[in-house]
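In case you want the letters, here they are:
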Amino acid sequence: MKNRLNVFFLIFGCILLISFIQKLDDHKISKKNVELIIPKGFPKPNYDFTTNKLTPDGFVLGRKLFYDPILSKDSSISCQSCHQRVAAFAHIDHALSHGFDGKIGTRNVPALQNLIWKDAYMADGGVNNLEVQPINPITNPIEMNESLAHVISKLKQNKEYVILFKKAFKDNVVNSECLLKALAQFTGLMISANSRYDKYVAKKDTFSLQEINGLKLFRAKCEGCHKEPLFTDNSYRNNGLNPDSSLNDTGRGKITKTETDNYKFKVPSLRNIEVTFPYMHDGRYRKLKDVLIHYSTSLNHNSTADEEINKIGELSDKERKDIIAFLLTLTDKEFLNDRRFINPNKR
Amino acid sequence: MRNQFQLLLGLFILFTLSPKFLNAQHSSKGMLSIAFNHYVDSLILNLDSTIYKNKFGQPFSISIFKYYIGNVHLKKSNGKEYVSSDYFLINEEEKNSKIIILKNIPQGEYTSVSFIIGVDSIHNCSGAQSGALDETNGMFWAWNSGYIFLKLEGKSSFSKSSGNNFEYHIGGFKFPENSIRTVSLKYEQPLLIENDKIALLNIKVNAAEILKNPTNIDFRILSTVTDNKNASIIADNYKDMFTIQK
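Chains as they are written, first to last, in this note's numbering: chain A, 1 to 347; chain B, 1 to 246.
Because the hints were derived from the structure by calculation, they are not lab data.
Among the hints, a few may not be true.
Claimed, not checked - Interface residues of chain A toward chain B, partial, derived using beta-carbon atoms under 8 Å:
| id | residue |
| --- | --- |
| 1 | Asp-74 |
| 2 | Gly-126 |
| 3 | Asn-128 |
| 4 | Glu-131 |
| 5 | Val-132 |
| 6 | Thr-139 |
| 7 | Ile-152 |
| 8 | Val-174 |
Unchecked claim - So these bits of chain A aren't anywhere near chain B, every CB distance computed over 12 Å:
| id | residue |
| --- | --- |
| 9 | Lys-44 |
| 10 | Ala-95 |
| 11 | His-98 |
| 12 | Ile-104 |
| 13 | Lys-166 |
| 14 | Ile-191 |
| 15 | Ser-245 |
| 16 | Ser-246 |
| 17 | Asn-248 |
| 18 | Lys-257 |
| 19 | Ser-296 |
| 20 | Ser-316 |
Unchecked claim - Listed below are the simulated PhoX-like cross-link pairs for lysine-lysine, each with C-alpha atoms no more than 20 Å apart in a straight line:
| id | chain 1 | residue 1 | chain 2 | residue 2 |
| --- | --- | --- | --- | --- |
| 21 | A | Lys-254 | B | Lys-103 |
| 22 | B | Lys-229 | A | Lys-257 |
| 23 | A | Lys-289 | A | Lys-321 |
| 24 | B | Lys-246 | B | Lys-75 |
| 25 | B | Lys-229 | A | Lys-254 |
| 26 | B | Lys-76 | B | Lys-103 |
| 27 | A | Lys-257 | B | Lys-174 |
| 28 | B | Lys-186 | B | Lys-76 |
Every value quoted in this text rests on a predicted model; they were computed, and no experiment measured them.
Even for Gly, the Cβ is constructed at its ideal location relative to N, Cα and C.
The following block holds chain B by itself, in its conformation from the complex (with noise of 0.2 Å):
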């Protein structure tokens, strides 16, 4: 009896250590590790100490940055794509949430990348959720139900409201107020994927752009936004706030 077991505990150890197994865990597929890096313009993004200036000179310090991504798309030179179907929020207080993980990516040679800054519209119809798209976790309007895909929060002597406070929560999927944005990057030198490896890529990310081109937003005239017209205007600056980093 006791032999018997032996022997099959050894067959069974045999079975999983087979490379056909372990191919059946881990399968033959590549990984990619995307980094957002925060900056201010030339600046490393800092919550709440340090102090930047905008078009017009004034000075704010952020206290809040998170925004979500998804629908990431990898594309090879032969069209062929990779897709995403996961939803990641990025929030510059979490250090963990600026690295994200792809897996599963078919082996090769990819020239570009895209993705869309918010939530589509089906996942904003879609009812509660869990992960990225939590609604505990602060992005989601309730009376008007949605996403917000982007905040950004913080201080400027030159905003009115108060505390001096301004605070930037766009949102909106449905037509004519539709604030999601898509972002599509191009790899200078292709990016290669190879099997059970993790490639990394660097996205710098410029909140300055929030703030800019081609919409100068004025701390004092406009320093809230919630869920109306002047968030697609915002949305519009953002859009190119990320690029590539060597």
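Same shape as in the complex, but just chain A (with noise of 0.2 Å):
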């Protein structure tokens, strides 16, 4: 009897052993994790880690910091706070962000995916370098107050950070410069290419009816801002929105202090647009559904918005719902369930 129960005990100790070196395994990174593959297709990137070069120290050690509140003041909210895994690294269902102190940001959280190939970034392309984006949100947004500084100084008295760094920089310390590069090896590495939408036009996979129309409409109506493979052109327009009084986001306006470009916003890629709701820069649509009559209601339109918009026209309620089924066919599954983006701390 007590040397069954051994056994069992054994057994289950095995088992317990062989899925916790699993459940490790599932967060080892390897060297050709974090090889840098453009999808086919897809143009050249704009951020293009020759000056930070990609190693699977560097992207754990991204990975790390990108899930730990080490990088706020209170030590209350990381990165993931606020970019959810499972919604392509937005946040789940908030219109406008939820950050320190519980305070209200003015902007809807975007997906972060495919951000090597943007050439700014924020809904107002303020930030020219995926490098120093990450120094909005740790520091206060309207100037510099030396939080940044106090972020190093609390890495640097941790002892596992002062190891990762130097595996990941070799002789270099802990200090910003390395900090800021191996956030952008984690969120660099974040690429959407293997939706449906990818494998219908790589002829892997079929279209239904309703989706392949959804595209033709797509194609005529929305290509010429959402520009395919990206489905952004990059540009800052102004799609029709009228202005929320409270808010009072001049957008891209802001940044030149031209007036022209006042209410302009920098298109947002769509892919995965099933799981980044709420939509728009300060999330005034919760649904798909609210976005396309936006579009086919030029009554909703305010005298600024682009010509491509007037050009939409009235949307049929078929049209508009064959748009949306093609729109669900971004969602990349295996992108939201790349386990290399995992929560490394979550066991």
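Got two chains here, separate frames each, mind docking them using the hints?
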């Protein structure tokens, strides 16, 4: 009896151990995992990692930082508080971002995907390099208030981080350059190019009639701004939204200080649009249905709307449904379930 | 075995002491140390404690004074130039930052020095950096990427901002609000750079120039400048705050 019990415990222990090791392995990153593969049909990236060589150690450090609230003042908020993996790193069902001290931000949290193809970041394009983007959430949005320096001093006191920084950046100590480069390695590899749409284009999957019709309509009405395969042409446009007077967000105009740029926003990608709701820079629409009603009802368009918007014209109920059916083919399950991006602190 | 080892060691020491090796170590070039000495007109700049007056007679004190220097060029009379690719953050609060050292300068007589006040557009778009351009130095705007080229902060009873503070954060590298300014200074007597020696150059920096010439700044009207059109007005003021001291 006693023997049997021992054997039982032994087997049970082995199973526990194996599953634990497997869990550990889930977070393991190999050289191959950090190879930059440009998806077929994608253009040359704007951010090319030449001065920030991708390595497993760099990626692992970036991932740990992304999921670590040590980056916030009171250690309460990490990047993932606003950028959630299951929502393609947007913020599930939050119109405006929720940040430090529970303060409400002025913009909706966008998906993080295909960032290395962007030429500027944020809805107004104010940030000119992927590496310096995280300084915004880490510090005061208006002016640098030295808290990036405080983050560095916290990391320097953390033995685990000191080792990880050394592994990732060799002779460099813990400094902001390495911190920002590691984060860029992690976010830069968030590449979505394996949706059903991609497989359809590569002739590896088929579309329903409705989806085919939706794609045709999309190419006729939306392609002028949401250009394939990234579903953005990286330009700034006014898509006809009436400005929200409580936010008075002038968008691109705030950066260029040019009146004609007021209320223009960077054309967002529509990849994974199914999971990144609510929509628009201020999160005003909760459903794709609402977005399509906005585009097809010219009454909604403000007088400064881009001319491509007025060309869309009235869309019938069926046409709207077809376009939505197509938009849903942009969901990339492989990206959403990519184990490389899973929170390594969760076991 | 032991003997052999000693022989090797001896050879090694001989080799490292040979003149050729020494030369390779300190290549036959000179150095220049430039000291930036801060004043407010004729008075030495003291943070917080001293009260100065602007063109309107408004009293003020200074709490922060720092700026970037880059693209330093030294020119010989024959037109040959030495160029440094380094950036320097000169900060009144940090004594050591006010003396910069340029290395590996070919020997000869130099007749002028030039540099930019600010950070050129390439370095404004190059992502995360370390050293003088480290974003933790508090000289970087995150929401509209770009370095702050110069900061002057202080107090004046005439300022209507909270706490009677004034703050001028000057930056912007994009047309039409480009605030990068180039300074070019000529030596009366040529500056001699000699091999393995450090030459010294003293530059007087008159912070009062930020507030005058050509545009006199009235603290009542303009107490805050952060990334807008006024930045280039102030940059035009301070572009001649540097003079060579004898």
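Now the hints, each set against the structure:
1. Look at A/Asp-74: its Cβ only gets to about 19 Å from chain B, farther than 8 Å, so that hint breaks.
2. Residue-level restraint check for A/Gly-126 holds (minimum Cβ-Cβ distance to chain B is 4 Å; threshold 8 Å).
3. For the restraint placing A/Asn-128 at the interface with chain B, the shortest Cβ-Cβ distance is roughly 4 Å, inside the 8 Å limit, so the hint holds.
4. Taken as an interface hint, A/Glu-131 checks out: its beta carbon lies about 3 Å from the nearest beta carbon of chain B, inside 8 Å.
5. Interface restraint check: A/Val-132 against chain B, minimum CB-CB distance 6 Å, threshold 8 Å, status holds.
6. Using the Cβ-Cβ criterion of 8 Å, the hint placing A/Thr-139 at the interface with chain B is satisfied: the shortest such distance is roughly 6 Å.
7. Nearest Cβ of chain B to the Cβ of A/Ile-152: about 6 Å, under the 8 Å cut. The hint holds.
8. Because the beta carbon of A/Val-174 sits about 11 Å from the nearest beta carbon in chain B, more than 8 Å, this interface hint is broken.
9. The beta carbon of A/Lys-44 sits about 17 Å from the closest Cβ of chain B, which is more than 12 Å, so the claim that it is off the interface holds.
10. Even its closest Cβ contact with chain B, about 20 Å, leaves A/Ala-95 beyond 12 Å, as expected for a residue assigned away from the interface.
11. Every CB of chain B is more than 12 Å from the CB of A/His-98 (nearest about 18 Å), matching its label as outside the interface.
12. In this structure A/Ile-104 is separated from chain B by more than 12 Å, as the shortest Cβ-Cβ distance comes to about 17 Å.
13. At roughly 15 Å from the closest C-beta of chain B, the C-beta of A/Lys-166 stays outside 12 Å, upholding its exclusion from the interface.
14. At roughly 19 Å, the least C-beta separation between A/Ile-191 and chain B is larger than 12 Å, which holds for a residue marked as non-interface.
15. With a closest Cβ-Cβ approach of about 22 Å to chain B, A/Ser-245 is found to remain outside the 12 Å limit, as its non-interface label requires.
16. Chain B leaves A/Ser-246 outside its interface by the beta-carbon criterion, the shortest separation being 20 Å against a cut-off of 12 Å.
17. Under the 12 Å C-beta cut-off, the non-interface status given to A/Asn-248 relative to chain B holds; the minimum distance is some 16 Å.
18. The beta carbon of A/Lys-257 is not kept farther than 12 Å from every beta carbon of chain B, the shortest such distance being approximately 7 Å.
19. The claim that A/Ser-296 lies off the interface holds: its Cβ sits roughly 34 Å from the closest Cβ of chain B, which is beyond the 12 Å cut-off.
20. Consistency note on A/Ser-316: stated as away from chain B, and its beta-carbon is indeed over 12 Å from all of that chain's, at 42 Å minimum.
21. Straight-line distance between C-alpha atoms of A/Lys-254 and B/Lys-103 comes to about 42 Å, which puts the hinted pair past the 20 Å bound.
22. Straight-line distance between C-alpha atoms of B/Lys-229 and A/Lys-257 comes to about 9 Å, which keeps the hinted pair within the 20 Å bound.
23. Between A/Lys-289 and A/Lys-321 the alpha-carbon distance is near 8 Å, which keeps this suggested pair within the 20 Å criterion.
24. Using a Cα cut-off of 20 Å, the hinted pair B/Lys-246 and B/Lys-75 holds, with the two alpha carbons roughly 19 Å apart.
25. Among the hinted pairs, B/Lys-229 with A/Lys-254 is consistent with the structure: their alpha-carbon atoms are about 13 Å apart, no more than 20 Å.
26. The straight-line distance between the Cα atoms of B/Lys-76 and B/Lys-103 is roughly 16 Å, inside the 20 Å bound, and the hint therefore holds.
27. A hinted pair counts as satisfied when its Cα atoms are at most 20 Å apart, and A/Lys-257 with B/Lys-174 qualifies at roughly 11 Å.
28. Pair hint B/Lys-186 plus B/Lys-76 holds up; C-alpha atoms about 11 Å apart against a cutoff of 20 Å.
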